[in-house]
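**Student:** These are the residues of each chain, in order.
Protein chains: 2
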Amino acid sequence: MQNPNGSSDAAAVPVLGRSASVPAPARIGDPLSEVDTPALIVELDAFERNLARMAAKVAAMRASGGNPALRLRPHAKTHKSPDIAARQVAAGAVGVCVQKVAEAEALVDGGITDVLVSNEVVGRSKLARLAALARRATLSVCVDHPDNARALSAAMVAAGATIDVLVEIDVGAGRCGVPAGEPAAALAQQVAALPGLRFGGLQAYHGSAQHLRTVAERQQAIAGAVAKAASTRALIEALGIPVPKVTGAGTGTFELEGASGLYSELQAGSYIFLDADYARNQAASGSTFAEFEHSLFILATVMSRPVPERAVCDVGHKASSSDSGYPTVPDIEGASYVGASDEHGVLRLERPEVELAIGDKVRLIPGHCDPTVNLHDWFVGVRNGRVEALWPVSGRGPGF
Amino acid sequence: MQNPNGSSDAAAVPVLGRSASVPAPARIGDPLSEVDTPALIVELDAFERNLARMAAKVAAMRASGGNPALRLRPHAKTHKSPDIAARQVAAGAVGVCVQKVAEAEALVDGGITDVLVSNEVVGRSKLARLAALARRATLSVCVDHPDNARALSAAMVAAGATIDVLVEIDVGAGRCGVPAGEPAAALAQQVAALPGLRFGGLQAYHGSAQHLRTVAERQQAIAGAVAKAASTRALIEALGIPVPKVTGAGTGTFELEGASGLYSELQAGSYIFLDADYARNQAASGSTFAEFEHSLFILATVMSRPVPERAVCDVGHKASSSDSGYPTVPDIEGASYVGASDEHGVLRLERPEVELAIGDKVRLIPGHCDPTVNLHDWFVGVRNGRVEALWPVSGRGPGF
Numbered sequence: 245m246q247n248p249n250g251s252s253d254a255a256a257v258p259v260l261g262r263s264a265s266v267p268a269p270a271r272i273g274d275p276l277s278e279v280d281t282p283a284l285i286v287e288l289d290a291f292e293r294n295l296a297r298m299a300a301k302v303a304a305m306r307a308s309g310g311n312p313a314l315r316l317r318p319h320a321k322t323h324k325s326p327d328i329a330a331r332q333v334a335a336g337a338v339g340v341c342v343q344k345v346a347e348a349e350a351l352v353d354g355g356i357t358d359v360l361v362s363n364e365v366v367g368r369s370k371l372a373r374l375a376a377l378a379r380r381a382t383l384s385v386c387v388d389h390p391d392n393a394r395a396l397s398a399a400m401v402a403a404g405a406t407i408d409v410l411v412e413i414d415v416g417a418g419r420c421g422v423p424a425g426e427p428a429a430a431l432a433q434q435v436a437a438l439p440g441l442r443f444g445g446l447q448a449y450h451g452s453a454q455h456l457r458t459v460a461e462r463q464q465a466i467a468g469a470v471a472k473a474a475s476t477r478a479l480i481e482a483l484g485i486p487v488p489k490v491t492g493a494g495t496g497t498f499e500l501e502g503a504s505g506l507y508s509e510l511q512a513g514s515y516i517f518l519d520a521d522y523a524r525n526q527a528a529s530g531s532t533f534a535e536f537e538h539s540l541f542i543l544a545t546v547m548s549r550p551v552p553e554r555a556v557c558d559v560g561h562k563a564s565s566s567d568s569g570y571p572t573v574p575d576i577e578g579a580s581y582v583g584a585s586d587e588h589g590v591l592r593l594e595r596p597e598v599e600l601a602i603g604d605k606v607r608l609i610p611g612h613c614d615p616t617v618n619l620h621d622w623f624v625g626v627r628n629g630r631v632e633a634l635w636p637v638s639g640r641g642p643g644f
Numbered sequence: 245m246q247n248p249n250g251s252s253d254a255a256a257v258p259v260l261g262r263s264a265s266v267p268a269p270a271r272i273g274d275p276l277s278e279v280d281t282p283a284l285i286v287e288l289d290a291f292e293r294n295l296a297r298m299a300a301k302v303a304a305m306r307a308s309g310g311n312p313a314l315r316l317r318p319h320a321k322t323h324k325s326p327d328i329a330a331r332q333v334a335a336g337a338v339g340v341c342v343q344k345v346a347e348a349e350a351l352v353d354g355g356i357t358d359v360l361v362s363n364e365v366v367g368r369s370k371l372a373r374l375a376a377l378a379r380r381a382t383l384s385v386c387v388d389h390p391d392n393a394r395a396l397s398a399a400m401v402a403a404g405a406t407i408d409v410l411v412e413i414d415v416g417a418g419r420c421g422v423p424a425g426e427p428a429a430a431l432a433q434q435v436a437a438l439p440g441l442r443f444g445g446l447q448a449y450h451g452s453a454q455h456l457r458t459v460a461e462r463q464q465a466i467a468g469a470v471a472k473a474a475s476t477r478a479l480i481e482a483l484g485i486p487v488p489k490v491t492g493a494g495t496g497t498f499e500l501e502g503a504s505g506l507y508s509e510l511q512a513g514s515y516i517f518l519d520a521d522y523a524r525n526q527a528a529s530g531s532t533f534a535e536f537e538h539s540l541f542i543l544a545t546v547m548s549r550p551v552p553e554r555a556v557c558d559v560g561h562k563a564s565s566s567d568s569g570y571p572t573v574p575d576i577e578g579a580s581y582v583g584a585s586d587e588h589g590v591l592r593l594e595r596p597e598v599e600l601a602i603g604d605k606v607r608l609i610p611g612h613c614d615p616t617v618n619l620h621d622w623f624v625g626v627r628n629g630r631v632e633a634l635w636p637v638s639g640r641g642p643g644f
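Each protein sequence line maps, in turn, to chains A and B. Mapping to my numbering: the first sequence position 64 is 308, numbers consecutive. Mapping to my numbering: the second sequence position 189 is 433, numbers consecutive.
Calculated from the structure, these hints are not laboratory results. Incorrect hints may have been included.
One copy or any two copies: either way a pair holds, since identical chains are not told apart in the list.
Said to hold, decoys possible - Below, in silico cross-link-like pairs of lysine to any residue (SDA-like), each with a Cα-Cα straight-line distance of 20 Å or less:
| hint | residue 1 | residue 2 |
| --- | --- | --- |
| 1 | K605 | L276 |
| 2 | K605 | S452 |
| 3 | K605 | A395 |
| 4 | K605 | G505 |
| 5 | K605 | S369 |
| 6 | K605 | R368 |
| 7 | K605 | D391 |
| 8 | K605 | A372 |
| 9 | K605 | P486 |
| 10 | K605 | P423 |
Quick caveat: nothing in here was measured; it's all calculated off a predicted structure.
So here's chain A without its partners, still in its complex pose (with noise of 0.2 Å):
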């Protein structure tokens, strides 16, 4: 494979993790008109703004009204990177979240001690990977059901390995999750009983919250995601047995799960690049979460212009999901991306003289961060239009 750095070593990129072997399409200095495209673009002064604004707003809700406990436990499922993750630690978050074993071990890996895996783990092989890294790091997992929590008690026996195990319940998303209240109080007894598990909690997240577009139809849903958690946790106690953690919320709505008093981790993850579908959130609802800004863009370059209404780039479904929609084009006034194929982008120009060649680099908006991220190998970290980080997505792909 040829370096498109000039290398014909990669492996002489001196980073950890699963995508350290492919090349990047960047090299540390170059001006961004330099980067090779497609490219994941982190715009590193808008990132630090939404780390340091998320920092003050946990604070703050620390301080008025929120558990005095709360800390920021940001989802990595956004990201993948170790370099991000070790930021946000480094701004005051607890440690991260996961969704996979695999995102687990490429964190844990890069250096972060404190990993959830906010999910369920099912299967030998994943449980004995699980129990492997759980004697190297603090870790924690969801159980939903008593046939996993004995299997996951049997992988930590086997391994010599504790682990805190969190009961998922389902507070209306209508995916995993055993149901709130008795169910989840008789699988909180079963997980404290078993070896090798110690309770440490409730999972209490509601996914298809996020991206309900309205503030109200937010704060109706995450009302009854409250108290089935509230009711849950009593239900436990009065089982005499403590509830260390309530964890949970997303970027849509963790200023409502932080001021309820009851959550005490908050997994938002989003936050820290926005994409094109939590802007139409704040679109259609002038949302608290609007002073976070877009940082993540997704460079392309445009290899076709047919006809003066129509530039076709090298940005498709290969480099940009469109489960939440297409990309938006933020800089060029007129212009929107309304097709994509696998390696073609095709954007469609309302002023057909707008300057825009064959060979010029294009920013676009990904429709949705964490699917989109899971395309790419590297971040290439952007100050003042010159490239001053390569950040592998080590834990790219799909997760088994």
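Following the hints, position chain B against chain A.
**Tutor:** Relative to chain A, chain B alone:
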């Protein structure tokens, strides 16, 4: 990074390419039940029947009214795998197509000697890599603008290389391509005069026609493409410039281009796998490509069965592209995949009595094969329920 194969030395896997440093989700000889998930499964019997069927179809077209020089040049954007490309060439393909320089590098590195980049290549770095590759393999590429042709020529001259250049004409897809007729003939004349370039003929691919639902719609679209390509060829030949080939077609239409007598190369790629979207074409129209079989599946694990009517599996947006709809569930009567989040897929079970427990494996047919393959690092080749081959997706990535 822990290797789920039980080895900590991923580099010991004796294969080439970008993905080879990522652990595979299985070992040779494993039963399907032991393959870790999410995994991309190739059912080798069906795959080999697809290979043989396409070879027979092209031979039959060549013998009965098609271009006597007609050859298959399957599109490797579907699989990005030298292992699969080699099997296509062994079955009679003249070479393969790709869309990106990075894919061409992966295939040439993997031993494929004749590669058409069926796309425009833009930018100094990519053109230099293309020129370096043209010194090692029979390479061809498309242009649709004189500026790009001149930049390509300069890169070839600088490297002391020569490349075959196809003029891409827009035959109705409204993506890249110079207009058919006089503008295309003028560009062919310019290409023929530039050093380092050999005019190789016409790229006349109608991408959007591949997914039209009925045979009649596809016939009308391809009749238009054939007319445009034929008149353009005549204009170029009238200038005294030979037109060595006309290339195009995909799995949805290749029998129409093949029967035209005009096309000398067919670029069908998806035929090797099919997908749920092509299956909907078959269902809608009794399509003539109905003899191809699904050979590609995503293997998922049930992570949660919160209520009898719902199971949640570990395949979401990060393991299955949803740009052409959700996966289908071929093996479980009454089951449908009704919702994806990044790392989860929700299955609705019309027959709640179905035995589907946490840990059970489920085969899914991807909605769209190409971008789904791009989410994975390995193909797991299976025959009679056992793993027989592990092929890396060597050209995986956004394609910079």
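**Student:** Now tell me, hint by hint, if it's right for this structure.
**Tutor:** To see whether the hints hold, each was checked on the structure:
1. Taking the closest pair of Cα atoms, K605 and L276 come within 20 Å of each other only inside a single copy of the chain (9 Å); across copies the shortest separation is 45 Å, beyond that limit.
2. Taking CA atoms no more than 20 Å apart as the test, K605 paired with S452 passes in neither setting, with 35 Å inside one copy and 26 Å between copies.
3. In this assembly of identical chains, K605 and A395 lie within 20 Å of each other by CA distance solely across copies; the values are 17 Å between and 51 Å within a copy.
4. Within a single copy, K605 and G505 get their C-alpha atoms no closer than 47 Å, and across copies no closer than 40 Å, so neither meets the 20 Å cut-off.
5. With identical chains, the CA atoms of K605 and S369 are at most 20 Å apart between copies only, with a shortest distance of 14 Å across copies and 44 Å within one.
6. Taking CA atoms no more than 20 Å apart as the test, K605 paired with R368 passes between copies only; the shortest distance there is 13 Å, against 47 Å inside one copy.
7. When the C-alpha separation of K605 and D391 is checked against a cutoff of 20 Å, the pair qualifies only between copies, where the shortest distance is 16 Å, while the shortest distance within a copy is 53 Å.
8. With identical chains, the CA atoms of K605 and A372 are at most 20 Å apart between copies only, with a shortest distance of 18 Å across copies and 46 Å within one.
9. For the homomeric pair K605 and P486, neither the shortest alpha-carbon distance inside one copy (56 Å) nor that between copies (36 Å) is at most 20 Å.
10. Taking the shortest Cα distances, K605 and P423 never come within 20 Å of each other, neither inside one copy (50 Å) nor across copies (24 Å).
Of the numbered hints given earlier, the model fails hints 2, 4, 9 and 10; all others are met.
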